[in-house]
Amino acid sequence: MNENWPLYEVFVRGKRGLNHVHVGSLHAADDDMALHHARDLYTRRNEGVSIWVVRSDAITASSPDEKDPFFAPSGDKVYRHPTFYTIPADVPHI
Amino acid sequence: MTAALEEHFEATVAHDQRIEPRDWMPEAYRKTMVRQIAQHAHSEIIGMQPEGNWLTRAPSLRRKAILLAKVQDEAGHGLYLYSATETLGAERADLTERLIEGRQKYSSIFNYPTLTFADVGVIGWLVDGAAICNQVPLCRSSYGPYARAMIRICKEESFHQRQGYELLMTMMRGTSGQRDMVQDATDRWWWPSLMMFGPPDADSPNTAQSMAWRIKRHTNDELRQRFVDMTVPQAQALGVTLPDPDLQWNEQRGSYDFGQPDWDEFKRVIGGAGPCNAERIAQRRKAHGEGAWVREAALAHARKHAATSPPEASLRTAENDRSGVEVGEGEQA
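Residue numbers (the working numbering), protein chains in the order written: chain C, -8 to 85; chain E, 717 to 1049.
To be clear, the hints were calculated from the coordinates, so they are not data collected in a lab.
Do not take every clue at face value.
Here are the simulated distance ranges between beta carbons [stated by the list, open to error]:
| no. | chain 1 | residue 1 | chain 2 | residue 2 | range |
| --- | --- | --- | --- | --- | --- |
| 1 | E | Pro959 | C | Ser54 | 36 to 44 Å |
| 2 | E | Ala1016 | C | Val12 | 55 to 63 Å |
| 3 | C | Asp23 | E | Arg1001 | 42 to 50 Å |
With a straight-line Cα cutoff of 20 Å, these simulated SDA-like cross-link-like pairs (lysine to any residue) come out [as the list claims (entries may be wrong)]:
| no. | chain 1 | residue 1 | chain 2 | residue 2 |
| --- | --- | --- | --- | --- |
| 4 | E | Lys1020 | C | Arg35 |
| 5 | E | Lys871 | C | Glu(-6) |
| 6 | E | Lys780 | E | Asn769 |
| 7 | E | Lys821 | E | Gln899 |
| 8 | E | Lys1020 | C | Leu26 |
| 9 | E | Lys1002 | C | Pro(-3) |
| 10 | E | Lys871 | C | Gly5 |
| 11 | E | Lys1002 | E | Leu777 |
| 12 | E | Lys1020 | C | Val12 |
| 13 | E | Lys1020 | C | Glu38 |
| 14 | E | Lys871 | C | Pro(-3) |
| 15 | E | Lys821 | E | Val750 |
| 16 | E | Lys747 | E | Gly792 |
| 17 | E | Lys871 | E | Met888 |
| 18 | E | Lys871 | C | Asp21 |
| 19 | E | Lys1002 | C | Asn(-5) |
| 20 | C | Lys6 | E | Lys871 |
| 21 | E | Lys821 | E | Leu784 |
| 22 | E | Lys871 | C | Pro79 |
| 23 | E | Lys780 | C | Glu(-6) |
| 24 | E | Lys871 | C | Arg35 |
| 25 | E | Lys1020 | C | His18 |
| 26 | C | Lys6 | E | Asn769 |
| 27 | C | Lys6 | E | Thr1033 |
| 28 | E | Lys983 | E | Arg868 |
| 29 | E | Lys821 | E | Thr748 |
| 30 | E | Lys871 | E | Leu784 |
| 31 | E | Lys780 | E | Trp907 |
| 32 | E | Lys871 | C | His13 |
| 33 | E | Lys780 | C | Arg35 |
| 34 | E | Lys1020 | C | His13 |
| 35 | E | Lys1020 | C | Trp(-4) |
| 36 | E | Lys871 | C | Thr34 |
The structure displayed is predicted, hence computed values, not measured ones.
The beta carbon of each residue, even a glycine, is placed where N, CA and C say it ideally should be.
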């Protein structure tokens, strides 16, 4: 048998109050082993309080190129930003 | 079309932005990255062996626990780096094959033997010290996954260097026999450590392209000089002599002048004729072969389990903060 263990992506929550962040990948035979390997590989020094693992082939990703038209719709809507609106300087707390 | 992509790639690199896995990149860049990161990963994996030999012979439980943690870190570093190569389309199993068939290299430093326990200390001090010099600039390497792996690795290398130096300080406070061991290990590891930075700039044809792509940030000779300047005062504080008659402070340059390593030896060791090349590869091949049944059994177990249990969400989570079920939770700003 010459088959490889599937690839998993690993996400770690550094501490309470923070989002899980992608930290890398690893190979494991199944989900439970992936969790254990992720603990051993990515949290040897208290780097996390929570881990997610997900098979890499289950992830759907956008094209990463910044020029990609996929992200174009958010580029021309400056009115979504607070700085778009001019407010007199003497109006407080706004 | 390719011209536009290439232009965009060059502009991204020139603006000191990172190249990410699914970005378009020139084939030569991809190849160079895979080769460099794989070679780096192999070095970490083979690098477990010289010190691993001392795990069962460490002089105290404290030293043993430290050494175990360090060797485990080296394995971890290898895995972070293999993970980075896989973002470029490389296959882990294929890279392992290349290593044990001698088709890909690893750092020549690991082809030298560890003759006494003082070698464990000197490896931490000099070999990991040189590695830190090499690796800190790589944290700003243009390839994102590589740079991120290096940040993680550099954080851990600091422990490696300090445990080595502390070990040596302890031995230097011991008997004259122990002090002699430290000096002997220093004599043997000094020149191979200087070789870790690679050949002199004049003989390093790939450096210019790697600098242009911002894979490398400094030339081999610049990093070697930096290492020597950092290390001399450490050797003085330790009370050992570095085995180089040409080593002296150059007031004008504000740096130490030093002699050249034996570059013929360097080429011989890279070419496979170092004292431990055959042993290191044989050991790695044996470990890989002996682990085959474990890999197969785990896969068989996973299959059996998947066939008998109901399907579940593909996302597995481990919590010790008990903050509730995390599956599907949105990413808050």
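Going through the hints against the structure:
Between Pro959/E and Ser54/C, the C-beta spacing of about 55 Å breaks the proposed range 36 to 44 Å. A C-beta distance of roughly 34 Å is found between Ala1016/E and Val12/C, which places it outside the suggested range of 55 to 63 Å. For the pair Asp23/C and Arg1001/E, the beta carbons lie near 29 Å from each other, so the given range of 42 to 50 Å is not met. Distance restraint check for Lys1020/E and Arg35/C: the Cα-Cα separation of roughly 31 Å exceeds the 20 Å cut-off, and the hinted pair is therefore not satisfied.
For the suggested pair Lys871/E and Glu(-6)/C, the alpha carbons sit about 34 Å apart, so the restraint of at most 20 Å is broken. With a CA separation close to 11 Å, the supplied pair Lys780/E and Asn769/E stays within the 20 Å bound. Among the hinted pairs, Lys821/E with Gln899/E is inconsistent with the structure: their alpha-carbon atoms are about 30 Å apart, more than 20 Å. Taking the CA atoms of Lys1020/E and Leu26/C, the gap is near 19 Å; set against the 20 Å cutoff, the hint holds.
Using a Cα cut-off of 20 Å, the hinted pair Lys1002/E and Pro(-3)/C is violated, with the two alpha carbons roughly 23 Å apart. Note on Lys871/E and Gly5/C: the hinted pairing holds, with a Cα-Cα distance of about 16 Å set against a maximum of 20 Å. Between Lys1002/E and Leu777/E the alpha-carbon distance is near 28 Å, which puts this suggested pair outside the 20 Å criterion. Distance hint between Lys1020/E and Val12/C is unfulfilled; the C-alpha atoms sit about 32 Å from each other, more than 20 Å.
With a C-alpha separation of about 33 Å, the suggested pairing of Lys1020/E with Glu38/C is violated against the 20 Å cut-off. For the hint linking Lys871/E to Pro(-3)/C, the alpha-carbon distance of about 28 Å lies beyond 20 Å, and the restraint is violated. Of the supplied pair hints, the one linking Lys821/E and Val750/E holds, its CA atoms being roughly 12 Å apart against a limit of 20 Å. Restraint check for Lys747/E and Gly792/E: the C-alpha separation of about 23 Å exceeds 20 Å, so the hint is violated.
About 27 Å separates the Cα atoms of Lys871/E and Met888/E, which puts this hinted pair outside 20 Å; it is violated. Restraint check: the Cα-Cα separation between Lys871/E and Asp21/C comes to about 30 Å, which exceeds 20 Å; the hinted pair is violated. Distance check on the hinted pair: Lys1002/E and Asn(-5)/C sit about 18 Å apart at the alpha-carbon level, within 20 Å; holds. Pair hint Lys6/C plus Lys871/E holds up; C-alpha atoms about 18 Å apart against a cutoff of 20 Å.
Among the hinted pairs, Lys821/E with Leu784/E is inconsistent with the structure: their alpha-carbon atoms are about 25 Å apart, more than 20 Å. The hinted pair formed by Lys871/E and Pro79/C fails the criterion: a straight-line CA distance of about 49 Å is larger than 20 Å. The suggested pairing of Lys780/E with Glu(-6)/C is violated, with an alpha-carbon distance near 36 Å, which exceeds 20 Å. The straight-line distance between the Cα atoms of Lys871/E and Arg35/C is roughly 12 Å, inside the 20 Å bound, and the hint therefore holds.
Under the criterion of a C-alpha separation no larger than 20 Å, the hint pairing Lys1020/E with His18/C is consistent with the structure, at around 18 Å. Distance hint between Lys6/C and Asn769/E is unfulfilled; the C-alpha atoms sit about 37 Å from each other, more than 20 Å. For the proposed pair Lys6/C and Thr1033/E, the alpha carbon gap of about 15 Å is at most 20 Å, so the pair holds. Simply put, Lys983/E and Arg868/E have alpha-carbon atoms about 31 Å apart, too far for the 20 Å limit, and the pair is violated.
Proposed proximity of Lys821/E and Thr748/E is supported: the alpha carbons are some 13 Å apart, at most 20 Å. For the hint pairing Lys871/E with Leu784/E, the CA-to-CA distance comes to about 17 Å; that is within 20 Å, so the pair holds. A distance of roughly 27 Å separates the Cα atoms of Lys780/E and Trp907/E; the hinted pair therefore is violated under the 20 Å criterion. For the proposed pair Lys871/E and His13/C, the alpha carbon gap of about 18 Å is at most 20 Å, so the pair holds.
Using a Cα cut-off of 20 Å, the hinted pair Lys780/E and Arg35/C holds, with the two alpha carbons roughly 17 Å apart. Between Lys1020/E and His13/C the alpha-carbon distance is near 30 Å, which puts this suggested pair outside the 20 Å criterion. Taken as a hint, the Lys1020/E and Trp(-4)/C pair is honoured in the structure, with Cα atoms around 15 Å apart against an allowance of 20 Å. Under the criterion of a C-alpha separation no larger than 20 Å, the hint pairing Lys871/E with Thr34/C is consistent with the structure, at around 13 Å.
Consistency note: the structure conflicts with the earlier hints numbered 1, 2, 3, 4, 5, 7, 9, 11, 12, 13, 14, 16, 17, 18, 21, 22, 23, 26, 28, 31 and 34.
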